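Engineer: Given the sequences, and given the hints that come with them, work out the whole structure.
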Amino acid sequence: MNISCRNKNSRFRIVCTLIFSLGLCFDALAAEPELILVPAGTFTMGSERRAADERPMHKVYLDAYYIGKYEVTNAEYHEFWKIQSEGNTPDQIPQHTPENFLHLPHIGEWPARAERFPNHPVVGISWHDAAAYAAWKGMRLPTEAEWEKAARGYTNRIWPWGGAMEAHANTAEAKDGYENRIAPVGSFPKGKSYYGALDMAGNVWEWTADWYSDVYYAYSSQAAAKRPKKNPTGPVVGSWRVLRGGSWIDTLTRCSTTFRFYLYPNLKTAFVGFRLAKTAEKSEK
Amino acid sequence: MRNWLTIAMLLSLCAPALSIADTAPSDHSKYVQHVEQGFVLTFQGNNKEAISEFEAALAIAPEHAEILHYLGMAYAQEELLNKAVERYQRSLALMPDNIEALYSLGVAYFKLDKWAAAIAPLQRVVALDPQHARGYEMLGKSLVRLRRYAEAVPVLERALALKPHAAGTYYELGNAYLNLKEYPKAIENFKQAIAFGSARYADPHFGLGTAYLRLGDREKSRAEMQIFQQYQKEYAEYERLTRLTRNEPNNLEAWTGLASLLMQQKNYGRAVQVFQKCIELDPNNAIFYHGLSRAFMNLNYPRPAIEAANKAIRLMPNEAILYNTLGSLYAMQGDSRNAIVAFQKAIELNSEEPFYHLNLSRLYQGIGNQKLAQEHHRIYEYLMSKQK
Chain A
1 MNISCRNKNS
11 RFRIVCTLIF
21 SLGLCFDALA
31 AEPELILVPA
41 GTFTMGSERR
51 AADERPMHKV
61 YLDAYYIGKY
71 EVTNAEYHEF
81 WKIQSEGNTP
91 DQIPQHTPEN
101 FLHLPHIGEW
111 PARAERFPNH
121 PVVGISWHDA
131 AAYAAWKGMR
141 LPTEAEWEKA
151 ARGYTNRIWP
161 WGGAMEAHAN
171 TAEAKDGYEN
181 RIAPVGSFPK
191 GKSYYGALDM
201 AGNVWEWTAD
211 WYSDVYYAYS
221 SQAAAKRPKK
231 NPTGPVVGSW
241 RVLRGGSWID
251 TLTRCSTTFR
261 FYLYPNLKTA
271 FVGFRLAKTA
281 EKSEK
Chain B
286 MRNWLTIAML
296 LSLCAPALSI
306 ADTAPSDHSK
316 YVQHVEQGFV
326 LTFQGNNKEA
336 ISEFEAALAI
346 APEHAEILHY
356 LGMAYAQEEL
366 LNKAVERYQR
376 SLALMPDNIE
386 ALYSLGVAYF
396 KLDKWAAAIA
406 PLQRVVALDP
416 QHARGYEMLG
426 KSLVRLRRYA
436 EAVPVLERAL
446 ALKPHAAGTY
456 YELGNAYLNL
466 KEYPKAIENF
476 KQAIAFGSAR
486 YADPHFGLGT
496 AYLRLGDREK
506 SRAEMQIFQQ
516 YQKEYAEYER
526 LTRLTRNEPN
536 NLEAWTGLAS
546 LLMQQKNYGR
556 AVQVFQKCIE
566 LDPNNAIFYH
576 GLSRAFMNLN
586 YPRPAIEAAN
596 KAIRLMPNEA
606 ILYNTLGSLY
616 AMQGDSRNAI
626 VAFQKAIELN
636 SEEPFYHLNL
646 SRLYQGIGNQ
656 KLAQEHHRIY
666 EYLMSKQK
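For the protein sequence lines, the chains are A and B, in the order given. Counting in the working numbering, the first sequence runs from 1 upward without gaps. Counting in the working numbering, the second sequence runs from 286 upward without gaps.
Quick caveat, the hints were computed from the structure, so don't treat them as lab data. A portion of the hints provided could be inaccurate.
[Claimed, not checked] In silico SDA-like pairs for lysine to any residue, Cα to Cα no more than 20 Å straight-line:
| # | chain 1 | residue 1 | chain 2 | residue 2 |
| --- | --- | --- | --- | --- |
| 1 | B | 315 | A | 106 |
| 2 | B | 562 | A | 253 |
| 3 | B | 551 | A | 55 |
| 4 | A | 268 | B | 325 |
| 5 | A | 190 | B | 325 |
| 6 | B | 315 | A | 190 |
| 7 | B | 551 | A | 47 |
| 8 | B | 315 | A | 47 |
| 9 | B | 315 | A | 103 |
| 10 | B | 596 | A | 166 |
| 11 | B | 551 | A | 49 |
Source: prediction; values computed, not measured.
Structural biologist: Below is the structure:
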């Protein structure tokens, strides 16, 4: 671009144009989320040999659905947040504002971090914030079963990429160029899951729709002993929501496709984000 | 002009960073920092420091039910149960129907032997969440301690309906039936506790021994009591070695003993950690790599198991059993070609071990080579008959 500048007015116009185009770039980063179609079918959920709450391994049938290829980014969430801010006075904190982490410069303050790190997964959001964003996009959070199927597919992969312990993920132990910090989404293409979703191990934990119960697999699979449990949505009540995938502060073991973690839904931490899901239309199944 | 724009752009990009650096942390940001650190330390198992962080967070914002609960759990992990109870109560005052905080309170009371106090929160847990297996289990255990056996039975049965393989619950149910003098039911439940429990679970054998004795079967009772004593001894040894390794972290002999005991007890997750410690202390010992490989194998982690087996082989290339382990691992992964090579090498080094031939026979069977499968099976049978 050849920019010439003859007077103050044109200088002003150029600056305005630049700011506008930066704005456009920023918005372009927040384009529609890329979704992956996970076809309908039965898969094996859980593991017999790891944590007790992963037992028993059991068959689950899921209708076709879409899952976000990436975790929701700062830029994407920023669009939603801007709408929440509309009409607010400057001293009003908009609903669903992410938490600030001033002690973690790689995350920092909201909304500045949306501009500084547009491609980083959004963190510091509660389960309610994540669910509200998903609803705003006309989507929802994945169920625990949907999350696990998207990560391991029809295989028994320990990690989304398979069984090899080399970390294709942003974890606490890996020397991956992102030590002690969050990585932009999609930084580990070799870590893609069976269906091609990225960062399903490490980077940030991901909220799922389900309440946590350590024995949900046991009693839901009993009920479905003769046929796979169909589209399970987790326990009816609970205190904690399930998180999946592990994060930048976790060991690789905690980033397996079956590892289950949980937090109070209104907590906003620097290691939890989310990805979107959507039920597929019948014609897409 | 271009320079001016570049500077403007750079400044605009740096602005957020500068604002962070220039801002003195507010109380809220200090609170956030303490909570974050608390979580990280909890994940690392460092409950002591996590307690300090959560306490510091709560000093800033005392009315946070969730953080009070996490703090209570960290205290409970450190066996500071009275402090845990106090934090749980404060959490519940803010969020009275918090199922998990109620459960934590019940567990803390139980561990403090305040079984009567545990009943109310645990009853509330199962009322709020009728599928809370841990709630039923802990409530049933509390009722057993309070000798309210008849009330304990349906509660424990409900726990088992939700969580069918819970050895501890079967054991408690066995105890309840034993005290209700329903010996056949007690025996049935103690047997289930043994079937589903960790290897060398001592207590149900004592229960079985008592039940058989009351039924007049002295022989069976004596046998069970002997097993109980043996497992108790092993447990004491486990405790001793654990204490020793804690007090003398470079005592390789103690670590080796502990690793071997953990493998016997099928506690493979912990065995991995202990073998890794052994390797740290003695990096050129093939036995430790082999142990690590076996532990990973039992945890169904074939890749790191193969890696450890290969390291063992590099250190001790003429040890047949190492190739047998390697072969089993390749077979686990469905890599028949490498598995056959490994088993053949094991046989080359020690052709008198029947199980190497059996493994090879099974592998040949799997790939449809009946001739070689039969040949190795014959050798296996021959060697077994020789051993007899």
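Engineer: Next, verify each hint and record whether it holds.
Structural biologist: Checked hints:
This hinted pair checks out: residue 315/B and residue 106/A have alpha carbons roughly 17 Å apart, not beyond 20 Å. A hinted pair counts as satisfied when its Cα atoms are at most 20 Å apart, and residue 562/B with residue 253/A qualifies at roughly 18 Å. Restraint check for residue 551/B and residue 55/A: satisfied, since their Cα atoms lie roughly 17 Å apart, inside the 20 Å limit. For a cut-off of 20 Å, the pair hint linking residue 268/A to residue 325/B stands: about 14 Å separates their Cα positions.
Simply put, residue 190/A and residue 325/B have alpha-carbon atoms about 27 Å apart, too far for the 20 Å limit, and the pair is violated. At roughly 37 Å between alpha-carbon atoms, residue 315/B and residue 190/A are farther apart than 20 Å, so this suggested pair is violated. Distance restraint check for residue 551/B and residue 47/A: the Cα-Cα separation of roughly 17 Å lies within the 20 Å cut-off, and the hinted pair is therefore satisfied. For the hint pairing residue 315/B with residue 47/A, the CA-to-CA distance comes to about 39 Å; that exceeds 20 Å, so the pair is violated.
In summary, the hint linking residue 315/B to residue 103/A is supported, as the alpha carbons are separated by about 8 Å, within the 20 Å threshold. Taking the CA atoms of residue 596/B and residue 166/A, the gap is about 17 Å. The hint holds against a cut of 20 Å. For the proposed pair residue 551/B and residue 49/A, the alpha carbon gap of about 11 Å is at most 20 Å, so the pair holds.
Checked against the numbered hints above, the structure violates hints 5, 6 and 8; every other hint is satisfied.
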